[in-house]
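So the protein sequences, as listed, match chains A and B. Numbering follows our numbering, with no gaps: position 67 of the first sequence is 67. For any residue, its number in our numbering is found by taking its place in the second sequence, counting from 1, and adding 1000.
Some hints here could point you the wrong way.
Just the calculated beta-carbon pair ranges, DEER-fashion [said to hold, decoys possible]:
hint : chain 1 : residue 1 : chain 2 : residue 2 : range
1    : B       : T1385     : A       : A65       : 41 to 47 angstroms
2    : B       : I1080     : A       : S93       : 21 to 27 angstroms
3    : B       : V1015     : A       : A65       : 29 to 35 angstroms
Once the Cα atoms are required to be at most 25 angstroms apart in a straight line, the calculated DMTMM-like pairs of lysine to aspartate or glutamate come out as [said to hold, decoys possible]:
hint : chain 1 : residue 1 : chain 2 : residue 2
4    : B       : K1325     : A       : E20
5    : B       : K1325     : A       : E85
6    : B       : K1323     : A       : D49
7    : B       : K1325     : A       : E121
8    : B       : K1157     : A       : E85
9    : B       : K1325     : A       : D48
10   : B       : K1323     : A       : D68
11   : B       : K1325     : A       : D94
12   : B       : K1325     : A       : E47
13   : B       : K1122     : A       : E87
14   : B       : K1325     : A       : D106
15   : B       : K1309     : A       : E12
16   : B       : K1325     : A       : E23
17   : B       : K1325     : A       : E6
18   : B       : K1323     : A       : D30
19   : B       : K1325     : A       : E12
20   : B       : K1323     : A       : E47
21   : A       : K3        : B       : D1135
22   : B       : K1325     : A       : D107
23   : B       : K1206     : A       : E47
These stretches of chain A come out as covered by chain B in the derived footprint (C-beta under 8 angstroms, 3 or more residues) [claimed, not checked]:
hint : stretch
24   : 31-40
25   : 71-84
No lab work stands behind these hints, which were simulated from the structure alone. The model shown is predicted, which means the values in this text are computed figures rather than measured ones. Just so you know, even glycine gets a beta-carbon here, dropped at the ideal spot from N, CA and C.
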Amino acid sequence: MAKTIEGLYYSETHEWVKVEGNEALIGITDYAQHALGNIVYVDMPDEDDQVTKDEDFGAVESVKAASDLISPLTGVVVARNEVLEDESGLLNSDPYGNWIIRVKMDDPSELDSMMDAAAYEAFCARA
Amino acid sequence: MEAPLKTTCLHDRHVALGAQMTPFGGFDMPMQYTGIVEEHNAVRHRCGMFDVSHMGEILVTGPQAEEYVGHVFTNDVRGIPDGKILYGMMLYPDGGTVDDLLVYKCSDSEWLLVVNASNIAKDFEWARKNAEGFDVEVTDVSDAFGEIALQGPEAEKKVLEVLGVDLKDLVFYTFVSIPAPTAAGGVEAQPAEVAAEGADAAGRGKSPVCGAAASGEMMIVSRTGYTGEDGFEFYGSPAVIRRLWDMLAASGVTPCSLGCRDTLRFEVGLPLYGHELSAEISPIEAGLGMFVKMDKPEFIGRDAVLRQKTEGVRRKIVGIELKDKAVPRAGYPVEAGGVQVGEVTTGYQSISTGRSVCMAMVDIAHAALGTEVSVRIRRRTFDGTVCRKRFYDKNYKK
C-alpha cells in the first residue's frame, strides 16, 4: 500500500500539494514513485515560468520511460528544487520530503477540486 | 482485431514472481521483476537469466542447405565447422533488413536460424519463398523450443554448479549438445513421455541435433548472448527449459527481464530490430558492414549493399552523448543549427556509466565523431556530441 500524508492535497495524476500561505509546494506521491521505478532525471520548469492547472510543467524520467508532471494549480514558479538535479533518486526514497517546484498560486480555490489523503488512498485502491 | 498474445513455456514463472508483464513481439513478456537497475547490475557483475523462448527458430535441412543459407544470409557460411555460429542479416533486394539473426551450423545438411520474435512469421515466409530452386526443407520449429539466456561473468561457474557441465572450453559463438537435466537433477537420459514432446516438430530423422533437443533428450548450449557479457543460451524442449529455469532459480540466479535486456544490449552498441535495423535500414547504415561479406559472389541484397559500400550511405547510426542528464529516447529529433538532421533510435541514462547517451540515425554530414548536435526533449534542446556507440566495453570470453 502506497503511503500518504495527512494535510496534503492530491491529484488524480499522482502529484501532491502542500500549502504554505499563498504558495504551494508540488511533488509526486509514493504511489507515483513506486509505479515509475528508479527515477533518473527530473525535468523542471525555470523560476518565473507560468504553470497552468491540468497542463504539464515538466517530467520525471525512469529508466524506461518519461512521465509528464501535471500541475494541479495555476501560478508562477518561485523556486525549483535544485537538489533533484543531481539526486533525482530522492523522489524514490522520500517522495513527500522532496518537493519539485514551489508555486505562487493565482487561485487557491483550485485546491477544492483536489483529494485529501483518504480520498486519494481510495482512488489508488481502485486504480 | 489484434491476435491474442502468445505465452512462453515460462509464463507462469514470471507471473508467480510478480513481474510487470508487457506485450513484446506478440508475446506477453516480463518487462521487470524487482527493478531494471538491480537486474541490469546482476548481469554486469554476477549473472542473470532471461526467458528468451519468444525467439523464433527456423530449421533448414537438406543436401543444399549451405548454399541456401549463403543465399539468404549476409555472413559467409562456406566451409564453417559444425558447431559454429555466425551473426548476420537477411536482406531485401534493396538492402533493407528482413531481420538480424544467428545461424547455427549443426552439420552440412542441418542448420538452425534463430530470429527475432516479432519477425517469425515474416522471416519464415521469406525463408521459404527464397528456398525455391534449392534442395532444402525449411521448417518453423519455434514452438518446439524454449530458450534461456544465462548471462554474466559468473555464468560459466553457475552452469558447472547447477548442471555439472564444464563449458570453459566452449569457444565464443560456438555450441554443443549436452544431455538435458532430469527431474532428479544432473544430466541423464529423459523418460520416454518427455522425449515425445516436440520430437516430430523438429523431424529427428533429418535433423539429429535439433531433433534431440526438441525431444527433451538433449539441450543445445551456445556461448552467445545479447548483453555484452560472457554467457550462454540454452535451447531445449519446453519441459526441459522449465526445469532448467527452476534449477537456476533455486541456485540463486537473478531472473532478468526484457527491460534490462534492452539496457544491457544498448550500452554495448548492439542493434535491436525495429530501432537500429529495419526494412528501411540497411546493415551498412547501421554500421554492421562487417557482417555482410562482399567476397561472397551472391546473396540477396548484395547489389544494393555493394552500391552503398562504394557510393557511401546518406545516413548512419551513430552514438550521441548529452552534456546534461536528460534522457534521449527513441523518436526524439536530433538537430543541428535548429534543423532536424536525424532521430534517436534507442536512448537511456546508461545504468552502468550514468551517462545520458543514445543511438541515433543521422544525416551523414553530421555523423563524424565529435560533431556537435542536439536532441530535442519535450520543449527544450540538449547539447551533445557524436561519439562511439559502444558506451560500455564488452566483457566477452573469447
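*Against the structure, test the hints numbered earlier, and report the numbers of the ones violated in rising order.*
As far as the earlier hints go, 1, 2, 3, 4, 7, 8, 13, 14, 15, 16, 17, 18, 19, 21, 22, 23, 25 are violated by this structure, in ascending order.
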